[in-house]
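In order, the protein sequence lines correspond to chains A and B. If you count the first sequence from 1, position 4 lands on 4 in the UniProt record's numbering, and the numbers rise without skipping. If you count the second sequence from 1, position 263 lands on 263 in the UniProt record's numbering, and the numbers rise without skipping.
It is worth saying that the hints were derived from the structure and are not from the lab. It cannot be assumed that every hint is accurate.
Since the list gives no way to pick out one identical chain from another, each pair is judged satisfied if it fits inside one copy or across any two copies.
Calculated lysine-lysine pairs in the BS3-like style (CA-CA distance at most 27 Å, straight line) [claimed, not checked]:
# : residue 1 : residue 2
1 : K226      : K45
2 : K232      : K127
3 : K232      : K277
4 : K238      : K127
5 : K241      : K127
2 protein chains.
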Amino acid sequence: MIHKNVDQAKKASSCSSKTPQNDADKQRMEMDAMIKDNLARIKHKFFVLSGKGGVGKSSVSANLAATLAKKGYKTGLMDVDVHGPSIAQMFNITELLDIAPDTKQLLPRRINENLTVVSVQALMQDKDQAVIWRGPAKTGIIKQFVGSVAWGNLDFLVIDAPPGTGDEPLTVVQTIPDARGIIVTTPQEVALADVRKSISFCKTVKMQTLGIIENMAGYTCPHCNKHIDLFKSGGGEKTAKAQGLNFLGSIPFDTRVVESGDDGVPVMMYEAPGPFKDAFEKVVENILKQIEV
Amino acid sequence: MIHKNVDQAKKASSCSSKTPQNDADKQRMEMDAMIKDNLARIKHKFFVLSGKGGVGKSSVSANLAATLAKKGYKTGLMDVDVHGPSIAQMFNITELLDIAPDTKQLLPRRINENLTVVSVQALMQDKDQAVIWRGPAKTGIIKQFVGSVAWGNLDFLVIDAPPGTGDEPLTVVQTIPDARGIIVTTPQEVALADVRKSISFCKTVKMQTLGIIENMAGYTCPHCNKHIDLFKSGGGEKTAKAQGLNFLGSIPFDTRVVESGDDGVPVMMYEAPGPFKDAFEKVVENILKQIEV
Numbered sequence: 001m002i003h004k005n006v007d008q009a010k011k012a013s014s015c016s017s018k019t020p021q022n023d024a025d026k027q028r029m030e031m032d033a034m035i036k037d038n039l040a041r042i043k044h045k046f047f048v049l050s051g052k053g054g055v056g057k058s059s060v061s062a063n064l065a066a067t068l069a070k071k072g073y074k075t076g077l078m079d080v081d082v083h084g085p086s087i088a089q090m091f092n093i094t095e096l097l098d099i100a101p102d103t104k105q106l107l108p109r110r111i112n113e114n115l116t117v118v119s120v121q122a123l124m125q126d127k128d129q130a131v132i133w134r135g136p137a138k139t140g141i142i143k144q145f146v147g148s149v150a151w152g153n154l155d156f157l158v159i160d161a162p163p164g165t166g167d168e169p170l171t172v173v174q175t176i177p178d179a180r181g182i183i184v185t186t187p188q189e190v191a192l193a194d195v196r197k198s199i200s201f202c203k204t205v206k207m208q209t210l211g212i213i214e215n216m217a218g219y220t221c222p223h224c225n226k227h228i229d230l231f232k233s234g235g236g237e238k239t240a241k242a243q244g245l246n247f248l249g250s251i252p253f254d255t256r257v258v259e260s261g262d263d264g265v266p267v268m269m270y271e272a273p274g275p276f277k278d279a280f281e282k283v284v285e286n287i288l289k290q291i292e293v
Numbered sequence: 001m002i003h004k005n006v007d008q009a010k011k012a013s014s015c016s017s018k019t020p021q022n023d024a025d026k027q028r029m030e031m032d033a034m035i036k037d038n039l040a041r042i043k044h045k046f047f048v049l050s051g052k053g054g055v056g057k058s059s060v061s062a063n064l065a066a067t068l069a070k071k072g073y074k075t076g077l078m079d080v081d082v083h084g085p086s087i088a089q090m091f092n093i094t095e096l097l098d099i100a101p102d103t104k105q106l107l108p109r110r111i112n113e114n115l116t117v118v119s120v121q122a123l124m125q126d127k128d129q130a131v132i133w134r135g136p137a138k139t140g141i142i143k144q145f146v147g148s149v150a151w152g153n154l155d156f157l158v159i160d161a162p163p164g165t166g167d168e169p170l171t172v173v174q175t176i177p178d179a180r181g182i183i184v185t186t187p188q189e190v191a192l193a194d195v196r197k198s199i200s201f202c203k204t205v206k207m208q209t210l211g212i213i214e215n216m217a218g219y220t221c222p223h224c225n226k227h228i229d230l231f232k233s234g235g236g237e238k239t240a241k242a243q244g245l246n247f248l249g250s251i252p253f254d255t256r257v258v259e260s261g262d263d264g265v266p267v268m269m270y271e272a273p274g275p276f277k278d279a280f281e282k283v284v285e286n287i288l289k290q291i292e293v
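Please construct the entire structure, taking both the sequences and the accompanying hints into account.
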């Protein structure tokens, strides 16, 4: 069903014809109703944003969802990064998603009792195929991900969007108007310049922002145990203050995050503690403080 | 003029009305002629791509352009990353671009005798403003950057596009059909998965690809001088071999690249040698070997 829907999304461009197409209108109304119905059963929606790519937005999304699930909350994770979906790899999801025989809804992949995941990657037969879609097709697939997936009753839905302020983030905000933003950055100015754009985006679209996470902030040499600022330091907190946003915390760089991203088990699902885990726990606490769960 | 053009680009969506608009058609034909004229005066076009963000694509673009200019080639650098333009910061371009009084063309910023730069950032009054444009508007601005900028006679034009395989890369390829791809990655699998998508993109759009650069490959601890694989190692070369592409070389991680990116002078413009500079020189040699200049 979803493959047919994807085809339809690709055909349904943003250009509306002058003569009203009753079938298309009807389908759109049906989809809007499905989206509304699904969203009503999800208590809190977190939208993880970054201005710049490569700041660890997908790692943060994956570990945030894993932590919330570990705390006992029913959690969904939705990867809408059409061009560079990383979430499937991070949870070792290699097979296509299944379809429910009765409702014909797409079934999210169950990672554990509390955590389900959907990634655009899990819809593709050939994982190395580039998705060369223009904006309107991407809008279509994101709406499908909200409306055609059997999310069920959730405490949290974590949404991982591509970097920047283009079609995908805009569609997420328009489709999920009560989503709350969590902004991820690294400490250096080139990244912070893009973060200020993300903050401007949140203000423009009037999305509530829970705060800024500074990722890859500091590293401990595995040989001599001395501290190294790989991407400078302190920029995230400074930017949060200057922009009147909450600073949710600094997370150190950890090669285990790189390895765990490749191995399919997010660090927050490990049992052993460590500086990354400790810092990440604090970030999640700072997020939950602002929410009534 | 460009601000008016940007407005027009934003209005001119992809939806063509049923009644032919002669003015719009005429403008489009004029723009196509300007693009053709500009491209005819540029010998070689390099399109720097990455599947994943944050792999250092903009650093590589900036340092590639700086190195070519240093070797005596007339070089232009065009930043078409509408949502996260980093190139202006990397060359400390803080003012808006000027307009030629006679031709009304946009004047690229002159960095030195051989190097000129244009970034979407240099068109914005408020640097922290998010550019919330959907696909068609982005297509418009990229075409303007090729056709309305007084590039003059160039040996090389280096194009820095946003990560992924969406509107912007597609527009670059359609506007500059003889552009040759240079793919940047980091060594870990999550990045390589996206690189394979970039390779698939190049094949799909039939763009010649010069090869793969592996960036942030290895780091030397500044305290104990021991080697650390921050993002694993060897993945770029392995992927190049598996995909039948040239491997252009590995470049080590260097905090000086982070700092120089913030300070406005790319490392390749420094005088002092170092592991990053040496490795980068080899990469540029491997690129130039494949080109008749």
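Handout entry: Structure versus earlier hints - violations, ascending order
Key = Of the numbered hints given earlier, the structure breaks just one, which is hint 1.
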